[in-house]
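So the protein lines, in turn, are chains A and B.
Quick note on numbering: the working numbering labels position 112 of the first sequence as 112, and the sequence is numbered without any gaps.
Quick note on numbering: the working numbering labels position 197 of the second sequence as 197, and the sequence is numbered without any gaps.
Read the hints as simulated data drawn from the structure, not as lab findings.
Please note: incorrect hints may appear among the correct ones.
FRET-style restraints, in silico, Cβ to Cβ [unchecked claim]:
#, chain 1, residue 1, chain 2, residue 2, range
1, A, V75, B, A324, 44 to 54 Å
2, A, A187, B, G171, 35 to 45 Å
3, B, I60, A, R89, 58 to 68 Å
Here a beta-carbon is modelled for each residue, glycine too, at the ideal position from N, C-alpha and C.
What follows is the residue order along each chain.
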Amino acid sequence: MADAAFPPQALPVGSKGRHASGWWGMIALIVTEGALFAYLIFSYFYIASQAHDVWPPGGRPHFWIAVPGTIILIVGSFTARYAERGIERGNKGRMLAGMGVTLVLGIVFLLLQGVEWRDKPFTFTSSAYSSLYFTVTGFHMLHVFIGLLIIIMLMIWTAFDYFGARRHAAASIGAMYWHFVTVVWIAVFCTFYIAPYLG
Amino acid sequence: MASTGAFRVPIIARESDSSPIADRLDRTWRTPAGILGWLISVDHKSIGKRYLVTAFLFLIMGGIEAAVMRAQLIRPNQTLLSPEAYNQLFTMHGVTMIFLYAMPVLSGFSNYIWPLMLGSRDMAFPRLNAFSYWTFLFAGCFLYASFIVGRAPDAGWFNYVPYTSREYDPGINIDDYALGMILLGVSGTVGAINFIVTLFRTRAPGMSINRVPMMVWGTLTASVGNLFAIPAVSLAFFLLWLDRQFGTHFYDVTGGGQPLLWQHLFWMFGHPWVYAIVLPAMGIVSDALPVFCRRPLVGYTAVALATITTMILGFGVWVHHMFATGLPPLSLSFFSAASMVIVIPSAVAVFAWIATIWTGRPVFTTAFLFFAGFIFVFVVGGVSGFMTAAVPLDWQLTDTYFVVAHIHYVLIGINVFPVVGGIYYWFPKMTGKLLNETLGRWNFWLMFAGFNIGFFPMHIAGLLGMPRRIYTYPDGLGWNTVNLITSLGAYLFAIGVLLFVINVFRSAKFGRVAGPNPWDAPTLEWSTPSPPPPYNFAVIPTIGSRYPLWEDRLEHGPSDSYVDQGYLLNRGRETVGTTALDAEPDVVLEMPGDTSAPLILAIALVALICAALFHAWWGVGVATAVTFVAAVAWLWPEARLGQTKEIARG
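If we strip away everything but chain A, and leave its shape as in the complex, we get (with noise of 0.2 Å):
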């Protein structure tokens, strides 16, 4: 009818990109997880500004384990936007393997930080400190494991042949999350490995 606001016009249909809602909800989800992390980072620097000790107790964290480990979350973030870029050109074989790769160096991640767990002079409840550094970590590494999970899925349903060049929002979806979890990486690394370097 000519008289409508607005002309007949061709729309796309369904989850498309980021005509999806799952798109938007993602970025909503991110911005109330990231304010999560932002008050557990809060947490540390307000308990560390109180402090009567010197701080870190027992001295700085070592380098050793956690630079590769940031090392290789960054990694995974572009073999997770090299799979996104396979699947965008239709290449479901690109998409299985750039998954496959960011799945195999995020189980390298969640190993490493085991190691660091396992050695750490103090426990669970042997300081504030020692809480917010397992609490704080292990928030971070819970949120890394529901990303691996996300990526299997992932890939059980490119495997499946549900994802194509023109749809495949979901994968966009989860994509996006496990970047989250490696910029939020970085900034607990910052919290715990950088800054008592600064003071």
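Starting from the known structure of chain A, fit chain B onto it as the hints suggest.
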């Protein structure tokens, strides 16, 4: 199953609710009858009504708790309640009113009204909507279940450490509160995400951001606030649970922790939250009050900006709850000034409402009385808030009944009054029946008089030095009369609320039939039948102004609104997605149907916190596994929703 096509030119049609196409839409969108249908429904209208009913049930529970407390305090040296029982009652009263009534009741309104106001057929995430309701209900039940074992939360709704550390409160009282609040946080967060995406994605074509109703602004602002605020309280409670159950030292001085960390995290959440539970209610007034003044709201843009400003400032004032904790003077000055600045956006809204009444032709319905009464109570609560924002006065008044008076003026004033007024306004839309106006007058005047008689003397009790949260007081301190008046006023208020409940039940059965638009209101929800059909709109309206149903009377922009002509979208459950600011048609959204996944996921989560409460780690494992399976089933890509590869058609 056939995949949806990549692109489609949606048919633009003119349809009414009695056409054969509307019949088919009805079958597509209608939830199956029966208990199963009730459990799996994702219809925003039934979820909205459930939210409202559940929240009112909690309001009544919280009211009963208050009534018992006022019986205890009506005279000095009463022994109706033991100190332990009194602690649990005042704590659960606060928890109930603030967390289980005030926010959910507003979510109920927004859930019910938003898609109708926005010209959409459902919320952006219908399943998430159902999930948000179920987790709210289960979290509420989880919190109340603690009464069964006689160990309800008992350290006040803001739950300060070290009162709540295991050393001083060893029972499950606080653990129940901590885990229940984490689950409730999930509900609030997903609800907030749903509102935000709904606003930005599912407005009718042409409803640009400067044309949305004010309640939408209020709920949007509150939802964005919630996204940032809720993690603080969930984290605070989680850390407290770790301290209590696993011996960590976040709040424990002996291990290098800080009790004040609790207060910071709690109030970083708590103060924005106060605005989250009043801004949508102020939005209700901004939308409904002008209808009874027979004119548009004065200063739409100013009120919208004031809403957002209030929320932003609300994140910078949390320390005014902590003036007496020994923080540095610079910090006190800053937060005191920030708290006073909030007066400005609040006053903008108040003057806009007054100007609307002043320059309009008021119709004195019950709803109008509630909104006008709200303005009065809001100003009183605002003044006492301004007073306690001043550090020296706060030092005198903190932890006295003055603060109790303030919080009740603010929360009952800005939440309960607009909510009851909002029910008078929208009840006809929800049920097709008008509430009785005669009963409504009695309802209003009893509530208004009872409220002021009950709560105003609390200011005086506070100035006379009566501390809050004491289970009784000795004779001869000069507190007897004010407490007697407060108790009597509270009972008068309760009778008013009872009349409201009676009116709802009576009018639902015998009320006058309302018709689609009994108040001659301007917004889209009034263009639908009362109650609206399952699909809301036979065709998606096209919007040309802020007041689509008043366009024949108001000057407006270059284009007209069309409420009976627009996109048909009838291939399954569909609605239109539009661009975030200009609301130009952007995508055909394929909407999910009714499903049990949200309910199963919510059951899994409440099972998880139950297991965690009793350290049944195998139960936590099982519940986590069910959570994962339910989430995967929920998110499994579906061809019908256009989530999978397009299959070449032909």
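Verification of the hints:
Evaluation of the 44 to 54 Å hint for A:V75 and B:A324 yields a pass: the beta carbon distance comes to about 51 Å. The hinted range of 35 to 45 Å is satisfied by A:A187 and B:G171, whose Cβ atoms lie roughly 37 Å apart. The beta-carbon spacing between B:I60 and A:R89, approximately 59 Å, falls within the hinted interval of 58 to 68 Å.
Going through the hint list in order, the structure satisfies each hint without exception.
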